[in-house]
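Participant: Sequence:
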Amino acid sequence: MRQVGAGSLACGFGEDPWMEQSGGLEERLQSLHEEIREWPGLEHLHRIAVATYDARGERVRTFVHSNVGPRPLDPLSGRLCDYPLLQAVAETGRPWIDNAMTSAPGSSGPGGRLLKQGFRSRYVSRIHWQGDLYGFLFLNSRKVGFFTDPIVSALLPYRRVIGVLVASEMTSTRAMLAAVHTALEVSHYRDEETGAHLNRMSRYAQLVAAGIASKHGLSDEFIEYVLQYAPLHDVGKVAVPDSILLKPGKLSPDEFEVMKTHVTKGLDIINAMIHDHGLGALPHAAILRNVVACHHEAFDGSGYPNGLSGVAIPLEARIVAVADVFDALTSERPYKGAWTNEAAAAFLQEQAGRKFDPDCVAALLTDMSAIAAIQQQFRDTRSSVLVAGR
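Residue numbering for the sequence shown follows the UniProt record's numbering, starting at 1 and increasing by one per position.
No lab work stands behind these hints: they were computed from the structure. Positions of the beta carbon are idealized from the N, C-alpha and C atoms, including for glycine. Where hints are given, some of them may not hold.
[Claimed, not checked] Label pairs and their computed distance ranges (CB to CB):
id, residue 1, residue 2, range
1, 257, 368, 22 to 28 Å
2, 215, 77, 15 to 21 Å
3, 376, 68, 15 to 21 Å
4, 154, 338, 37 to 43 Å
5, 154, 301, 54 to 60 Å
6, 177, 367, 25 to 31 Å
7, 254, 84, 55 to 61 Å
8, 368, 67, 42 to 48 Å
9, 300, 145, 55 to 61 Å
10, 43, 366, 53 to 59 Å
11, 379, 307, 34 to 40 Å
12, 93, 177, 39 to 45 Å
13, 268, 217, 48 to 54 Å
14, 338, 261, 24 to 30 Å
[What the hints assert, rightly or not] Below are the SDA-like pairs computed for lysine to any residue, each with C-alpha atoms no more than 25 Å apart in a straight line:
id, residue 1, residue 2
15, 116, 130
16, 336, 309
17, 247, 113
18, 355, 227
19, 116, 99
Make the full structure from the sequences, and use the hints.
Facilitator: Okay, here's the thing in structure tokens:
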């Protein structure tokens with residue numbers, strides 16, 4: 001499993017005093033799972049998983065998990081209304097316990113897949129804090145009748161610990177996103193289409209990360225933070241003069257040099273916000289910093305600001321670069337019309353191994369129907385002055 005967010009930056013900006021030092025939430029969950037299983041009677045708790053809830057899109061996504069044996073389920077991703085059991089748990093606040101799991105023949109739902117992996121008992125509860133729904137906790141055992149009243153009581157402190165860990169982590173992330181959103185609003189940089197662009201490109205980034213997860217050993221936690229942090233990649237453009245940022249035509253060489261400074265300015269902004277807002281524990285801040293600092297590096301070393309190449313470019317930055325350029329190409333801009341998906345795909349394929357990581361390009365273009373669905377969900381509603389991809 002790839003360890004994320006715990007190392008120094010790979011983009012030549014040196015170590016940062018606010019770089020997080022602890023492991024990720026999944027690593028902590030796995031350690032907690034081991035501790036739980038050391039207690040007599042709890043050794044049959046074979047799986048713990050957490051899914052987050054995103055109120056903006058009313059979506060549920062797998063976040064972190066710890067399993068004894070192989071992972072039984074593919075990552076969960078869908079609207080809350082698509083999962084009646086979870087919706088009931090969310091609305092009532094009452095955990096759901098099934099100590100004798102059964103499923104209809106041929107069922108392809110989570111219950112059926114758990115059964116095929118030998119699980120026979122499950123417990124589902126919501127993660128709820130100060131009136132907000134943060135997600136769901138899933139506990140599973142291969143033992144029939146595992147979740148007795150004494151077992152549920154013994155697990156209650158651990159359930160609360162996991163809930164606090166998840167709520168705390170997501171609260172820090174939401175605070176960071178809100179702070180950056182405010183900066184964009186104040187600068188008049190963000191408008192309706194900007195929001196649509198950021199929604200699309202972040203979900204393209206999620207597609208890419210999920211597509212290369214197996215080859216690169218990426219966790220659901222890593223994929224979640226790529227999705228969350230991708231929209232912040234160009235935050236440094238708030239410091240670029242309007243005469244350059246909003247110019248409808250091609251930039252002059254001198255203007256382009258100024259435009260390029262948005263990378264280092266973006267990193268300065270992120271570091272200042274982490275410091276000023278007391279977000280030193282921001283989860284996986286290294287992912288955020290790498291996305292901001294390195295999304296204009298090119299696979300062949302021709303990018304900026306440091307001319308990094310190949311795997312020297314952090315993977316999260318390589319992912320975001322592909323997602324950002326694809327959306328810039330397929331969106332209308334003051335200086336160009338929108339390319340078709342096919343034309344943009346051909347360009348990415350042509351530049352794979354040059355400007356872009358070939359694995360990332362292939363992952364994005366694997367399912368064009370998924371791209372079309374994202375475009376349909378997050379359509380531009382009016383013309384915009386955003387200049388992406390520069």
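Participant: Is it true that the C-beta distance of residue 368 to residue 67 lies inside 42 to 48 Å, as the hint says?
Facilitator: 33 Å, violated
Participant: Hint says 25 to 31 Å; check whether the CB-CB distance for residue 177 and residue 367 agrees.
Facilitator: Given a distance of about 27 Å, which is inside 25 to 31 Å, the answer is holds.
Participant: Compare the distance between the alpha carbons of residue 336 and residue 309 with 25 Å, and conclude whether the hinted pair is satisfied.
Facilitator: Roughly 29 Å between the alpha carbons, so the hint for residue 336 and residue 309 is violated.
Participant: With the threshold set at 25 Å, check whether the alpha-carbon distance from residue 116 to residue 99 stays at or below it.
Facilitator: Holds, at roughly 16 Å.
Participant: Falls inside 37 to 43 Å, the C-beta gap from residue 154 to residue 338?
Facilitator: Between residue 154 and residue 338, where Cβ atoms are some 58 Å apart, the hint is violated.
Participant: So the hint says 22 to 28 Å: do the beta-carbon atoms of residue 257 and residue 368 match that?
Facilitator: 37 Å, violated
Participant: Does the Cβ pair residue 254, residue 84 satisfy 55 to 61 Å?
Facilitator: 59 Å, holds
Participant: Do the beta carbons of residue 215 and residue 77 sit within 15 to 21 Å of each other?
Facilitator: 19 Å, holds
Participant: Are residue 247 and residue 113 close enough, with their CA atoms no more than 25 Å apart?
Facilitator: At roughly 54 Å apart (the allowed maximum being 25 Å), residue 113 and residue 247 break the hint.
Participant: Tell me if the beta carbons of residue 268 and residue 217 are separated by a distance inside 48 to 54 Å.
Facilitator: Violated, at about 32 Å.
Participant: Please check whether residue 376 and residue 68 have a Cβ separation lying inside 15 to 21 Å.
Facilitator: 41 Å, violated
Participant: Please test the hint of 34 to 40 Å on the beta carbon pair from residue 379 and residue 307.
Facilitator: This hint holds: roughly 37 Å between Cβ atoms.
In summary, the structure is inconsistent with hints 1, 3, 4, 8, 10, 12, 13, 15, 16, 17 from the numbered list given earlier, while agreeing with the others.
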